[in-house]
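Student: As they're listed, the protein sequences go chains A and B.
Just so you know, we're using the working numbering here: the first sequence kicks off at 3 and counts up by one.
Just so you know, we're using the working numbering here: the second sequence kicks off at 3 and counts up by one.
Any given hint could be a false lead.
Just so you know, same-sequence chains aren't split out, so a pair can sit in one copy or run between any two.
[As the list claims (entries may be wrong)] Derived DSSO-like pairs: lysine-lysine, alpha-carbon spacing no greater than 30 Å straight-line:
#1 Lys70 to Lys156
#2 Lys156 to Lys113
#3 Lys42 to Lys143
#4 Lys144 to Lys42
Calculated directly from the structure, the hints in this document are not laboratory data.
Being a predicted model, the structure only gives us computed values, none of them experimental.
Number of protein chains: 2
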Amino acid sequence: MEEREISKAVIKRLPRYYRYLGEILNNGIERISSGELSGKMQVTASQIRQDLNNFGGFGQQGYGYNVKYLYDEIGKILGVNRVHSMIIIGGGNFGHALANYDFEKNGFSTKAIFDIRPELNGTSIRGIPVMMMDELEEFVKKEDIEIAVLTLPKSKVEEVADRLVKCGIRALWNFAHLDLDVPDDVVVENVHLVDSLMQLSYRISEDNSEE
Amino acid sequence: MEEREISKAVIKRLPRYYRYLGEILNNGIERISSGELSGKMQVTASQIRQDLNNFGGFGQQGYGYNVKYLYDEIGKILGVNRVHSMIIIGGGNFGHALANYDFEKNGFSTKAIFDIRPELNGTSIRGIPVMMMDELEEFVKKEDIEIAVLTLPKSKVEEVADRLVKCGIRALWNFAHLDLDVPDDVVVENVHLVDSLMQLSYRISEDNSEE
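Let the hints inform the model, and build the full structure from the sequences given.
Tutor: Printed below as a string of structure tokens:
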């Protein structure tokens with residue numbers, strides 16, 4: 003697919019399209035109109051047509067979209083048509099929960115969990131080995147790890163992020179409640195849970211409830 | 003504070019301002035210029051001035067911002083100047099991790115964790131009791147719970163969300179990978195982890211790396 007300028011807002015909606023199309027595909031539906039997709043997704047049909055037009059030529063007036071084709075193309079755009087290798091740094095509650103999460107089916111394969119507690123050395127979570135932090139650099143290089151999930155205490159995150167950047171990690175999925183300063187070619191995607199809770203509390207605060 | 007139309011983009015940035023201002027306050031700094039704040043936050047000073055102007059009269063040319071005042075005002079806007087009561091539905095790995103998370107310091111107090119597994123009845127996580135699902139409605143009403151955190155399997159989420167809406171919950175913090183259909187007066191804030199990972203993989207996919 004040739005390159006186009008696609009707005010961030012559209013990109014943000016793509017995983018949702020991908021999820022819905024996957025469900026529709028699982029239900030054995032081969033073609034769908036923007037109107038039907040609109041009903042399921044609670045997005046207007048015109049928004050859907052506009053979004054999908056960004057990628058060109060998926061829909062045919064009167065025939066609707068070929069579900070499988072659209073699903074595959076969006077998968078390619080999102081880069082989930084291939085498997086990404088991932089490690090989790092921090093084997094605490096959160097790291098443990100994420101290790102138990104079945105991200106494989108979405109194209110993300112967790113290869114190891116790193117921790118500093120010697121008592122965790124040699125254990126495993128869902129078959130994924132827990133390794134010690136002094137093995138980090140070698141493992142990342144040898145296994146060609148693309149993504150590191152950061153679930154460690156705020157005070158240690160920056161040091162670990164630096165180590166990961168130095169050994170060639172391409173992306174950090176950051177659950178620590180701070181913003182990382184990394185080179186431009188390293189992708190950082192933050193999951194700031196407290197920020198999300200604050201958005202929620204803003205929306206329930208009485209001054210804003212009549213919006 | 004009187005009501006104003008504040009854009010969603012600004013609201014999304016407020017938790018971040020709140021976090022930085024809290025850190026600055028902890029460091030004993032009383033006044034800060036937009037330029038200094040800009041250096042810390044990696045946002046342009048003009049963006050900061052523009053954002054904070056939305057709330058009117060916080061900054062004084064040449065004097066900078068009063069950190070404590072700004073922190074408190076943003077806290078009020080976000081609704082975190084009071085404590086919100088919260089329950090977690092689902093005592094699995096994820097619910098467990100969230101129960102262990104210290105959201106209290108940000109104004110969110112977890113009162114109970116609900117599960118269906120009888121063996122968890124009467125146990126507790128960080129002093130928070132695990133209760134059974136048949137106690138849900140009574141507890142939500144009696145304790146005036148505002149927020150329910152949904153960390154249960156996708157197949158059960160809709161049924162539980164319906165029950166919560168019926169007993170007067172005001173907000174759902176949804177970790178299940180589906181979009182909930184609830185009345186307009188119930189706030190839903192989604193943390194769709196797979197969507198976040200897909201944003202990340204989009205950004206590292208080679209076709210987009212030169213952006």
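Student: Give the relationship of Lys144 and Lys42 under a CA distance limit of 30 Å: within one copy only, between copies only, both, or neither.
Tutor: Neither, since 44 Å and 36 Å both go past 30 Å.
Student: Please work out whether the CA atoms of Lys156 and Lys113 approach to 30 Å or closer within one copy, between two copies, in both situations, or in neither?
Tutor: both (23 Å within a copy, 25 Å between copies)
Student: Quick one: Lys70 to Lys156, C-alpha cut-off 30 Å, is that within a copy, between copies, both, or neither?
Tutor: between (42 Å within a copy, 23 Å between copies)
Student: If the cutoff is 30 Å on CA atoms, where do Lys42 and Lys143 land: within, between, both or neither? Let me know, please.
Tutor: neither (43 Å within a copy, 32 Å between copies)
The structure fails to meet hints 3 and 4 from the earlier list, while all remaining hints are met.
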